[in-house]
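> All chains should be modelled from the sequences, with the hints used to inform the complete structure.
2 protein chains.
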Amino acid sequence: MRIAIIGLGLLGGSLGLAFRENDTHEVFGIDTNLEHTHLAKKLGLVDDIVTFSAINTMDVVVLAVPVDKLPMLAIKVLDVIGENTLVFDVGSTKEAICDAVRNHPKRANFVAMHPIAGTEFSGPKAAFSNLFTGKVNIICEQECSATVQLMKLALLMKPLDMRTTYIEAASQHDKHIAYVSHLSHISSFMLGKTVLEIEKNEKNIFDMAGSGFESTVRLAKSSPATWTPIFIQNKKHILTALDEYITNLQLFKANIAADNAKELKTIMKTTNHIKTILKK
Amino acid sequence: MRIAIIGLGLLGGSLGLAFRENDTHEVFGIDTNLEHTHLAKKLGLVDDIVTFSAINTMDVVVLAVPVDKLPMLAIKVLDVIGENTLVFDVGSTKEAICDAVRNHPKRANFVAMHPIAGTEFSGPKAAFSNLFTGKVNIICEQECSATVQLMKLALLMKPLDMRTTYIEAASQHDKHIAYVSHLSHISSFMLGKTVLEIEKNEKNIFDMAGSGFESTVRLAKSSPATWTPIFIQNKKHILTALDEYITNLQLFKANIAADNAKELKTIMKTTNHIKTILKK
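These protein sequence lines are chains A and B, in that order. With the numbering used here, letter number 151 in the first sequence gets 151, and the count goes up by one each step, no holes. With the numbering used here, letter number 214 in the second sequence gets 214, and the count goes up by one each step, no holes.
Derived from the structure by calculation, the hints contain no laboratory data. Among the hints, a few may not be true.
For identical chains, the list gives no copy identity; a pair is met inside one copy or between any two copies.
Said to hold, decoys possible - Restricting the straight-line Cα-Cα distance to at most 27 Å, the calculated cross-link-like pairs of lysine-lysine (BS3-like) are:
1. 235 - 125
2. 175 - 200
3. 42 - 236
4. 200 - 275
5. 135 - 275
6. 265 - 69
In this text, all values refer to a predicted model and were calculated from it rather than measured experimentally.
Shown next as C-alpha cells:
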C-alpha cells in the first residue's frame, strides 16, 4: 500500500517506522517543516518525501498534525483522495475533527482514531517503531466509517499489536481523555512551574528530587506546540476537570491546615484504590 | 556492629537488608506491629527481633518510624543509649526532630538524616536491599553531631553508595522538600481522586490511561500512614507550596478559558526547563 503521513513528529514518525517494517508498504512523508522532512528521510521514518499534490495517488493517508490543524486538513484531504482511500488521524481530541467531516461526501473513508501512546519527547528524532506496541487504540464514531475502511485500518495496524477499543461519541471521548490525559499534563506542568519558581538555586532541586518528583513532573517536558492546541480545543471538558482538581486540592489543604489526620487518611486510602485499577 | 532498627517498613527494612550484607554487622528489629516483626524476620530484613530494653546494648540505633513519632522516640532512645552509640533517623521532615533533641545531653550522638529514596509501596514486603543505591542522602545540622558519629555513619552507609549532601538548617530542608517531594505527592493524590470521582465506570480509566497518567498518578498509591503525619508536621511549608501550586493552576486555567495560546506556550516552554535540570 502507498501510505502518506502528514506530520512527521513523534506519532507520525513512529507510525512511519512501524509501517515500513512491512516491505509491501511504501511510506511517504509530508510536512511543512523542512527540518522535519529532512530528518524523517535521514532517520528512515519514511521512504520518501512528497508534496500534498501526491495525496490522490495514496491508498492510505495519516493525519498526524497538531489538533488545531486537523479539522481543516481532514476536509482538504477528503476533497482530493480517490474513492477507496483510507484516511485516519491520530489526534488527542476527536469532537472537532468528527464535527468538521460529519457531512463530507467522503466521510465514510475517514476513521477517527486516537492511539493512547506518546512520550514526553517530540519531533522526528523522538520517533521509535514500537511506540504503539501493546497500547490502547481508541476509535470514535465507527458507525460513520465504512466497514471496508475499518477493516483496512485493522489490517494495517495489526502488526503494531494494539488493543482497539470503541467510544461511539466523540464528545464522550474528549470528556474522558480530559481527565486521564490532559489533566495529568496540566498538573505536571504546574508542578514543574511551581518548583522552578521557588527554587532559584537549581542545584537544590536536583539534589532533593527523588524518583517521585521525577515521575510526577515528567510530562512537564512535553511539547508546548502539541499541547497548547489540545488544551484550547478541549477546553470545555478541561476547565471542568481543572475546577474539580482545584477544589480537591483546596479541600485537602484545609484538612492539612486543620490537622485533620483522620480525614486526610480517609481521602488517601480511598484514592489508593487507583492501584487496583491501574494494575489490571 | 550491633544495629537496632526501630520501624520495619520500607525504609527500615531496606536498610536492614543492606546492613546485613556485611557479615560483621548484627541487625536487630524493633516494631510495635507484630505482623511487621514476623515478616521482617521471615524475609531476612533483620537477624533477630528484640524489645526496646535491648537498645542500651547497641552500637547503632536507626529510627525509621512515621515522622509524628520521631521526636519523642529520639529522646527516649538518646536517654538510654551508651556513650558511643550512633543514633540516626530517616524521616522526611527534619525540623521537628532536630528541635526535640536540640538540648539533649546526648545530642552529639544523633545525626539527622534524610535519604531521598522510596517507592509508592510500604511495609516489610516492599523492602529491597538496593533501594538507596545511587540516591541522595541529606544530613541536616551536622555541626550538632559529633565528628566521630558522622564518620561512623559515613562508614556504615558507604556500601549503599549514596551521594551525601548537607543542609545546615533543618527548616531549610523542610521548606525545599515541601516543594520537591511533599507537593508531588499531594498533586498526585488529588489527580487520582479527581479522576476516580468522575470515572464511575472504572474500565474507562484503564482503557484510556496512557503511561503519562500512570506516572503522574503513581504516588497516589503511597501509604496514608506514612504521609498523613508528614503533611501535618510540615504544614507550614506545604500550605505555602500548595497555595502557589493552586494559583498557578488557576492562572493556567484562565489562559485556557481565554484561548490565550501565546501565553500557554510561553508558560510551558519556560517550564520545559525542568528537562535540563533533571537530566544533570
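> The structure should be examined with respect to each hint, and the outcome stated for every one.
Outcome of the hint check:
In this assembly of identical chains, residue 235 and residue 125 lie within 27 Å of each other by CA distance neither inside one copy nor across copies; the values are 30 Å within and 43 Å between. Taking identical chains as interchangeable, the C-alpha atoms of residue 175 and residue 200 lie at most 27 Å apart only when they sit on different chains, with a minimum of 13 Å there against 37 Å within one chain. Proximity of residue 42 and residue 236 under a CA criterion of 27 Å is satisfied in neither setting, with 40 Å inside one chain copy and 54 Å between copies. Taking CA atoms no more than 27 Å apart as the test, residue 200 paired with residue 275 passes between copies only; the shortest distance there is 16 Å, against 35 Å inside one copy.
With identical chains, the CA atoms of residue 135 and residue 275 are at most 27 Å apart both within one copy (19 Å) and between copies (25 Å). With identical chains, the CA atoms of residue 265 and residue 69 are at most 27 Å apart between copies only, with a shortest distance of 16 Å across copies and 45 Å within one.
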